[in-house]
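Undergrad: Same order as they appear, the protein sequences are chains A and B. Counting from 1, one number per residue, gives the positions in the first sequence under this note's numbering. Counting from 110, one number per residue, gives the positions in the second sequence under this note's numbering.
Hint data in this document are derived by calculation from the structure and do not stem from the laboratory. Accuracy of the hints is not assured; some may be wrong.
Within a straight-line C-alpha distance of at most 25 Å, the following computed SDA-like cross-link-like pairs (lysine to any residue) qualify [claimed, not checked]:
| no. | chain 1 | residue 1 | chain 2 | residue 2 |
| --- | --- | --- | --- | --- |
| 1 | B | 388 | B | 364 |
| 2 | B | 300 | A | 13 |
| 3 | B | 258 | A | 91 |
| 4 | A | 103 | B | 382 |
| 5 | B | 140 | A | 72 |
| 6 | A | 103 | B | 297 |
| 7 | B | 370 | B | 358 |
| 8 | B | 297 | A | 83 |
| 9 | B | 136 | A | 10 |
| 10 | B | 147 | A | 9 |
| 11 | B | 136 | A | 13 |
| 12 | B | 300 | A | 83 |
Here are the in silico distance ranges between beta carbons for each label pair [stated by the list, open to error]:
| no. | chain 1 | residue 1 | chain 2 | residue 2 | range |
| --- | --- | --- | --- | --- | --- |
| 13 | B | 297 | A | 99 | 26 to 34 Å |
| 14 | A | 39 | B | 383 | 32 to 40 Å |
| 15 | B | 318 | A | 83 | 31 to 39 Å |
| 16 | B | 280 | A | 80 | 50 to 58 Å |
| 17 | B | 213 | A | 99 | 30 to 38 Å |
| 18 | B | 331 | A | 90 | 18 to 26 Å |
| 19 | B | 334 | A | 14 | 21 to 29 Å |
| 20 | B | 285 | A | 83 | 46 to 54 Å |
| 21 | A | 12 | B | 384 | 33 to 41 Å |
| 22 | A | 90 | B | 282 | 42 to 50 Å |
| 23 | A | 94 | B | 280 | 36 to 44 Å |
| 24 | A | 19 | B | 176 | 34 to 42 Å |
| 25 | B | 277 | A | 50 | 29 to 37 Å |
Chain B is nowhere near these chain A residues, computed Cβ spacing over 12 Å in every case [stated by the list, open to error]:
| no. | residue |
| --- | --- |
| 26 | 42 |
| 27 | 45 |
| 28 | 47 |
| 29 | 48 |
| 30 | 50 |
| 31 | 53 |
| 32 | 58 |
| 33 | 80 |
| 34 | 81 |
| 35 | 87 |
Where a beta carbon is used, it is the ideal one built from N, C-alpha and C, also for glycine.
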Amino acid sequence: MSHKIMNNELLTGLLLDEQCQLSLNDLSRACSSSAEWVIELVEQGAIEPIGQQQAQWRFHSSSLQRARTAMRLQRDLGVNLAGVALALDLLDEISTLRAHLQKTSRFDE
Amino acid sequence: MDFKDYYKIMGVERDATQDEIKRAYRKLARKYHPDVSKESDAEIRFKEVGEAYEALKDPEKRAAYDQLGANWKAGQDFNPPPDWDAGFEFSGGGFTGGDSAAYSDFFESLFGRGGAQGFRSAAGGGYSSGHSGAYGGGFQSRGEDHHAKVIIDLEDAYQGASRSITLQSPELDSSGHVVTKKRTLNVKIPKGVKQGQRIRLSGQGSAGIGGGPAGDLYLEIEFKPHSIYHVDGHDVYIDLPITPWEAALGASVKVPTPDGKVDMKIQPNTPSGRKMRLKGRGIPGSGSSGQGPGDLYVVPQITIPPADNEAAKELYKKMQQELDYNPRSRLGV
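Could you build the full structure based on these sequences and the hints that come with them?
TA: Next comes the structure, spelled out in structure tokens:
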């Protein structure tokens with residue numbers, strides 16, 4: 001059984017670009033997690049808030065990608081948050097290396 | 110419906126112990142986790158492994174599956190024999206994700222759908238939602254946020270575009286059954302988007318519960334791989350084939366850009382691989398960010414014409430005789 005709803009209206013969303021910052025609430029909701037979970041990610045150094053006081057924390061929009069990856073790794077692989085933080089750093093490094101490799105190896109084709 | 114050989118998917122023998130199955134699952138889950146693996150079919154493999162584990166980790170389900178017999182081959186057309194599951198009672202041991210819709214028809218025909226699926230309605234506990242004042246008149250909760258990917262062409266990031274996307278989500282109908290709801294949204298892709306950025310559409314996630322506000326929909330931008338451009342952040346790269354004489358003598362050549370052709374000057378004695386920058390011809394800045402546009406980097410690749418006729422051979426011979434050139438002098442040979 002499926003219901004199909006067509007909506008022809010053109011929706012304009014908010015582009016989460018370099019200037020856009022997310023609140024603790026935004027981030028925890030977008031990860032279907034609690035604020036406590038996000039705070040723990042911060043304590044592990046997996047994502048970095050802008051601002052001193054927790055109540056004023058804002059997050060760079062790139063934190064969303066990291067937090068969601070963290071959520072999936074924890075859920076799917078049973079990695080604890082310290083392990084998640086390590087995996088995120090290693091994944092970043094791998095993607096930097098891959099991009100570099102792609103750029104240089106094109107000359108060998 | 111195709112038969113699925115869960116033992117083969119997990120790479121274990123049919124008489125494997127539960128511990129062996131668990132170990133095999135953990136290894137494969139790490140190997141194929143879509144966030145970790147770069148194999149093109151990682152997501153499919155990960156789901157397949159998750160489904161196989163779901164069936165084999167639970168002794169009841171495993172026993173029922175084993176009862177189908179060892180003679181089935183993966184991919185073979187399969188229909189469950191009538192009453193095949195008589196005498197088994199599945200206690201519906203938790204579906205791992207909230208993602209049971211991802212299991213195959215084969216799995217569902219054996220073990221049913223729903224079961225322990227449950228509806229993860231409110232975004233998991235904590236003080237996340239911040240509308241504690243709303244509990245007075247019955248339960249109220251904000252709908253869940255949804256996430257989807259939207260694949261665009263690089264050109265769309267230059268010009269802006271609109272995309273129609275179809276989303277499927279399980280919802281409860283008025284009689285309490287789970288139905289798959291499909292909806293199609295037309296979404297504006299703003300000029301200047303970059304790979305991996307997200308667009309947030311307020312109120313386009315799950316409906317709220319008890320009059321609570323709806324969740325948001327996050328769309329992740331992904332660029333379709335391009336045949337001639339390569340993107341890095343807001344900069345764009347293109348390999349530009351040039352002739353030896355253009356490289357040696359300098360020239361003015363046409364260069365394609367996602368925004369149309371431009372003329373570019375090649376300096377005399379340009380080597381292969383020396384990046385030339387076309388300032389501001391990368392991905393445009395996005396309106397609100399105040400960030401300027403990226404650059405387009407043109408990377409010349411000198412290609413040599415083949416010596417496949419007498420005239421060409423003569424020219425190469427002439428160069429050989431008249432040019433004093435040793436490309437290997439730096440190697441000391």
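Undergrad: Against this structure, judge whether each hint is valid.
TA: These are the hints, each one checked on the structure:
1. B:388 / B:364: holds (14 Å)
2. B:300 / A:13: Roughly 12 Å separates the two Cα atoms, so the pair holds.
3. B:258 / A:91: holds (20 Å)
4. A:103 / B:382: Measuring from Cα to Cα gives roughly 10 Å; hence the hint holds.
5. B:140 / A:72: holds (14 Å)
6. A:103 / B:297: violated (31 Å)
7. B:370 / B:358: Roughly 22 Å between the alpha carbons, so the hint for residue 370 of chain B and residue 358 of chain B holds.
8. B:297 / A:83: violated (38 Å)
9. B:136 / A:10: Measuring from Cα to Cα gives roughly 45 Å; hence the hint is violated.
10. B:147 / A:9: violated (37 Å)
11. B:136 / A:13: violated (40 Å)
12. B:300 / A:83: violated (38 Å)
13. B:297 / A:99: 26 to 34 Å: holds (29 Å)
14. A:39 / B:383: 32 to 40 Å: violated (49 Å)
15. B:318 / A:83: 31 to 39 Å: holds (34 Å)
16. B:280 / A:80: 50 to 58 Å: Taking Cβ atoms as reference, residue 280 of chain B and residue 80 of chain A lie about 34 Å apart, which means the hint is violated.
17. B:213 / A:99: 30 to 38 Å: Cβ of residue 213 of chain B to Cβ of residue 99 of chain A: about 35 Å, so the range 30 to 38 Å holds.
18. B:331 / A:90: 18 to 26 Å: Given range 18 to 26 Å: holds, Cβ gap about 22 Å.
19. B:334 / A:14: 21 to 29 Å: holds (27 Å)
20. B:285 / A:83: 46 to 54 Å: The hint (46 to 54 Å, Cβ to Cβ) is violated, given that residue 285 of chain B and residue 83 of chain A are roughly 40 Å apart.
21. A:12 / B:384: 33 to 41 Å: The hint (33 to 41 Å, Cβ to Cβ) holds, given that residue 12 of chain A and residue 384 of chain B are roughly 36 Å apart.
22. A:90 / B:282: 42 to 50 Å: holds (44 Å)
23. A:94 / B:280: 36 to 44 Å: Once the Cβ atoms are compared, 38 Å apart, the range 36 to 44 Å for residue 280 of chain B and residue 94 of chain A holds.
24. A:19 / B:176: 34 to 42 Å: At roughly 60 Å between Cβ atoms, residue 176 of chain B and residue 19 of chain A fall outside 34 to 42 Å, so the hint is violated.
25. B:277 / A:50: 29 to 37 Å: For residue 277 of chain B and residue 50 of chain A the Cβ distance comes to about 36 Å; the hint holds.
26. 42: holds (14 Å)
27. 45: Label holds. Min Cβ-Cβ 19 Å, cutoff 12 Å.
28. 47: holds (15 Å)
29. 48: Its Cβ never comes within 12 Å of chain B, the nearest being 18 Å, so this holds.
30. 50: holds (16 Å)
31. 53: Correct as stated: the minimum Cβ-Cβ distance to chain B is 16 Å, above 12 Å.
32. 58: holds (15 Å)
33. 80: holds (14 Å)
34. 81: holds (15 Å)
35. 87: violated (7 Å)
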